[in-house]
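**Q** As a plain string of letters, each chain reads:
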Amino acid sequence: MSEANELPPGKGPLIYRQSIWTRVTHWTWAICLFFLLLTGLQIFNAHPALYIGQQSGFEFENAILEIGAVNTDAGPRGQTTIFGNSFDSTALGLGLSGTPERPTFTAFPGSVTIPGYRDLGTGRVVHFFFGWIFVATIMIWFVASFINGHIRRDIVPRPSDIAGVPRDIADHATLRFHHGRSYGPLQKLAYFGVFFILFPLIVLTGLTMSPGMDAAWPWLLDLFGGRQTARTIHFITMALLLGFFLIHIIMVLAAGPINELRSMITGWYRASPGTPTAEGDRP
Amino acid sequence: MSRLITRRNFLRSSAVAGSGLILAGCDQFNFLGDKTNSVRHVMEQANVLTYNVQRTLIGDQVLAREYSASEIRQGQRPNGSTDPSTPEYMFLKMQNFEPYRLTIKGMVEREVSFSLAELRNMPMRSQITRHDCVEGWSCIAKWTGTPLGPVLDMAGVKPQARFCVYHCYDNIQRTLSGDILYYESSDLVDAYHPQTILSYGLNDQVLPVSNGAPIRLRIERALGYKQPKYLHTIELVDDLTPFGKGKGGYWPDQGYDWYGGI
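Chains as they are written, first to last, in the UniProt record's numbering: chain A, 1 to 283; chain B, 1 to 262.
With the rest of the complex left out, here is chain A (with noise of 0.2 Å):
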């Protein structure tokens, strides 16, 4: 029998268990991810190919994906080429778009970029002013975090979390979910791996793509192996980004949307029966 079948009936106590610190970056990231995403979308338009090494090939062969269109006899197609292997994409909107009377012809569609239609200059201008929100809030969060012991307690898995992963597994893949004083094994990972892996990553692999930035730091084409491998790793890691968010709102669906929207508004988390209370618990 499973622990979870054990459980004393009846309600969890109420923990205050976001600070304020948690929520406010939370929900300011969510909107700057948002803007970078459609707007990176919109200036990956510009230029629709991703490489490895300092420079693009246009006289010999150096990309591992490019989105575009072919003509065919049956009209203009969408084709994505990964790894010099292509396939028609028009289906999902790739490198073709529009209705056959008015096609676009761009790597993403307008329907997932910022402006919807082609503007590198005002993709830019935007993409830009939510990075600096972005890194400002990465910055508050880690001092705020440090200082409160959020880091500590939730994000850095300890022996016991990495122990407790394959439970944790069978838990989610069952649906059965703890809701306790901190996160659980797969959520200290998850967490761990985006901000201490995927923002870092994320900030340094766009800072790579700026000139003046490799001027000021060379380095930054030394640690990613060029300006396009730098691009390539910026894209690879928005990816990532994008299905964690994704997973991360299928979780707060299967978890409780309530009691995990309202610990992200108010703080205040109602924890699973059974769970110990302590000081500062409401009922």
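Be aware that one or more of the hints could be misleading.
Straight-line C-alpha distance at most 20 Å; calculated SDA-like pairs for lysine to any residue [claimed, not checked]: (1) B:K35 / A:I43; (2) B:K142 / A:G53; (3) B:K142 / A:F60; (4) B:K142 / B:P194; (5) B:K142 / A:G57; (6) B:K142 / B:N203; (7) B:K245 / B:H41; (8) A:K11 / A:G274; (9) B:K142 / B:H41; (10) B:K35 / A:R118; (11) B:K142 / A:E59; (12) B:K35 / A:Y117; (13) B:K35 / A:G57; (14) B:K105 / B:Q127; (15) A:K11 / A:F244; (16) B:K247 / B:P194; (17) B:K245 / A:G121; (18) B:K142 / A:F58; (19) B:K35 / A:G121; (20) B:K247 / A:G121.
By construction, these hints were calculated from the structure, which means they are not laboratory data.
Position chain B against the provided structure of chain A, taking the given hints into account.
**A** For chain B alone, kept in the frame of chain A given last:
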């Protein structure tokens, strides 16, 4: 059991509804493309912040990375104007640029101009650098030319001058009301940077027309649109608003950031 299925259905429908919201949301931000919009003006201040932070961080003399000759694996990709059609330029090209002169004017002690032969006889510098286009591509090439700083000193830059405006021959855009000529500008830090050269050579050849012959400016710590081709006049000024649409360059007038270091 029935509760599980309900939850799954809820998840599925929520995901569909959520993605629909995101997809429907984008055209609502098209107003940001309007260059007179006040929200856009606020957002553009981030570019001013970037400029100030990079100027503080980099220092005036720090060089852009220079590469080895083995990194030159292809020709320099031409972009933008590749064959200007203004009568002045076509005449110069026909004459093999013999009558060409580069003029330094504006807030200077003495207006000066130099022929191509005079520029080629000045101290020169070669550098293998990476050209970064704002679109996202990069290309490594060897650029040869005379550093701009000493040339400016020959004209004697007045203390009140703050910017160089670079005037070009190419009609980047042709409209019903006439040609729009390319121009760019930089602060004096970029103008006097050791790698800022009036280039006349590319990959050990004479600079071709498609890459900006006879003279193309290189500002190596900035994006490609800050490397004006077909340069004929450098004007020292304290204010950029009288030129073009007042943003300091053809592409800045189209909504690109003026500094161009990112």
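**Q** Any of the earlier hints contradicted here, and which numbers?
**A** 9, 13, 14, 15, 16
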